[in-house]
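Student: Going line by line, the protein sequences match chains A and B.
The opening residue of the first sequence carries number 11 in our numbering; numbering runs sequentially from there.
The opening residue of the second sequence carries number 11 in our numbering; numbering runs sequentially from there.
Worth flagging that the hints you see were computed from the coordinates, not collected in a lab.
Certain hints may be false.
Note that the list lumps identical chains together, so a pair holds whenever it fits in one copy or between two copies.
Simulated crosslink set (EDC-like; lysine to aspartate or glutamate; CA at most 20 Å straight-line) [what the hints assert, rightly or not]:
| hint | residue 1 | residue 2 |
| --- | --- | --- |
| 1 | LYS97 | ASP218 |
| 2 | LYS97 | GLU303 |
| 3 | LYS97 | GLU54 |
| 4 | LYS97 | GLU64 |
Number of protein chains: 2
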Amino acid sequence: MDARLYCCVDGGASNTRVALYDDTGHRIGLTVTGPTSLTVRGTEAWDEILAALETLSRAVSLDGEYLAHTHFGIGLAGANNNSQREKFLAAAPSAGALRVSTDAYIAALGAHGGTPGAVIIVGTGSVGYRIEAAGRCRLVGGWGFPIGDEGSGAWIGRQAVDQAARILDTRYRSSVTDLHRAIIERTGHSRDELLGWLLGAPPARFADLAPVVVEFAAAGDIAALDIVGEAGREIDALADALDPGRSVPLSLVGGLAEPLRPFLPERLQRWAREPREEPISGALMLAQGRAPEETIMWQGR
Amino acid sequence: MDARLYCCVDGGASNTRVALYDDTGHRIGLTVTGPTSLTVRGTEAWDEILAALETLSRAVSLDGEYLAHTHFGIGLAGANNNSQREKFLAAAPSAGALRVSTDAYIAALGAHGGTPGAVIIVGTGSVGYRIEAAGRCRLVGGWGFPIGDEGSGAWIGRQAVDQAARILDTRYRSSVTDLHRAIIERTGHSRDELLGWLLGAPPARFADLAPVVVEFAAAGDIAALDIVGEAGREIDALADALDPGRSVPLSLVGGLAEPLRPFLPERLQRWAREPREEPISGALMLAQGRAPEETIMWQGR
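Using the sequences and the accompanying hints, generate a full structural model.
Tutor: Dropping the structure here:
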């Protein structure tokens with residue numbers, strides 16, 4: 011088989027979607043694998059991607075030379091860091107073609123079909139991204155844990171654990187709610203258990219708690235409502251910085267976008283619209299050369 | 011030389027003071043070395059301690075067998091975690107005697123001569139500690155970066171870097187002050203430089219910026235004043251949880267205690283008093299067996 015293949019990757023800090031398409035754009039298969047955020051995994055992200063591709067290729071009995079025919083379109087969290095992206099490119103296998111961008115760029119391509127528009131990714135981390143014209147982009151947030159990622163899963167989980175810790179050491183007793191009891195159930199009832207949970211905890215471990223917070227917020231828990239309300243205001247601030255005049259369409263993507271929607275400020279709910287397609291479709295545009303390489307307009311000071 | 015020696019250690023996340031005393035309690039020497047926080051260094055903390063002891067012993071021409079005569083009194087950040095403390099004890103060299111406690115315990119012993127009293131350590135991290143009666147203690151805070159350490163150097167530095175990042179990505183332009191320009195000078199003017207600075211940054215890297223914030227607060231910078239004011243309220247909350255009735259004496263210790271003093275809430279300034287002696291003197295009490303082993307009263311829920 012000599013026809014071109016497209017391997018499309020949407021990689022985050024908690025998991026990665028890898029899809030394989032044939033040369034007509036028909037999806038051969040899709041698999042979900044571990045994190046490929048460059049900040050979390052570095053060049054080891056390749057192991058994850060190539061293992062997934064191997065699995066997908068086996069399912070359709072491709073020949074052993076498939077890499078030479080494969081055109082990669084890869085969007086990864088952490089690819090906005092030049093040095094991380096260059097190391098990843100240097101570790102690439104020999105393939106048909108390779109295009110690498112941020113996960114935010116492929117999400118924006120997918121959400122707006124390559125036309126000007128903005129996205130905010132709310133997953134383990136958070137970042138705001140706007141395509142201003144073909145290939146010219148604006149990036150807000152995305153600084154990563156622990157300073158940034160406002161409104162993200164890791165950020166929401168950290169607020170909840172912070173409060174749980176204060177309860178365990180007596181600083182927060184008057185405000186204990188069911189949310190806190192549920193968090194302590196997961197992180198440990200004693201100082202030693204919680205310290206063990208915290209030791210070297212990656213952002214994804216905090217993000218694992220975000221669905222718990224959202225669930226309790228939906229049930230009216232006052233502490234949970236406070237946290238998701240604050241997350242909504244942070245996401246609104248990202249949106250504001252992306253497009254103060256609200257002149258382009260905006261979509262929220264990522265695993266927490268839908269669960270958080272009821273808790274976003276009303277003006278943001280009114281502005282946000284469903285993405286046209288998933289980020290992986292943006293990765294296909296990239297792989298097929300239908301999208302220009304990403305050129306981020308770095309904000310001057 | 012067969013007489014007993016006392017090796018006293020006050021170990022934090024940024025640096026460590028190691029002092030050697032003879033059997034009459036006379037200080038032979040003191041040296042400052044790298045971090046020995048168990049959370050940061052684990053059992054490698056021993057390398058730091060033993061190298062410092064070797065230096066101190068050479069300065070006074072002790073014989074090669076000095077370890078057998080050495081009684082250790084060691085207070086370390088992170089020793090409140092049972093599993094970390096046990097690993098450290100298991101890696102100990104054969105010595106005359108060995109007593110290990112938290113850095114907070116030796117600070118409280120030093121500050122109040124072993125009598126009931128409270129301390130708050132404000133260094134790279136923060137923790138509140140109270141000796142209620144001989145050997146019975148209460149611990150508040152001390153959860154470590156990134157959830158806790160409120161009011162500490164790492165916490166102060168993180169607030170400043172957080173604001174700088176928001177300025178670089180346009181979210182915070184209206185509130186730029188000289189503090190932010192000074193922080194950006196140190197962390198980098200571009201997204202890539204700041205991302206590089208942030209990548210794997212240990213708490214101490216954030217804490218390095220705290221003196222800059224304090225300096226600008228002293229000069230009236232409004233953003234800096236906001237940050238140190240909030241730090242002061244967090245430290246006051248630790249004090250409140252330690253001793254709601256303000257019934258025992260309280261001392262603030264650690265590298266940021268003195269610089270932050272002018273920015274603490276007034277009622278905390280009135281309550282706080284100078285420590286009687288330094289933490290290293292508390293470590294000597296421990297080494298000499300003049301203090302009971304630390305028994306922390308874990309707060310029930």
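Student: Determine which of the earlier numbered hints do not hold for this structure and return their numbers in increasing order.
Tutor: When the structure is compared with the hints, numbers 1, 4 turn out to be violated.
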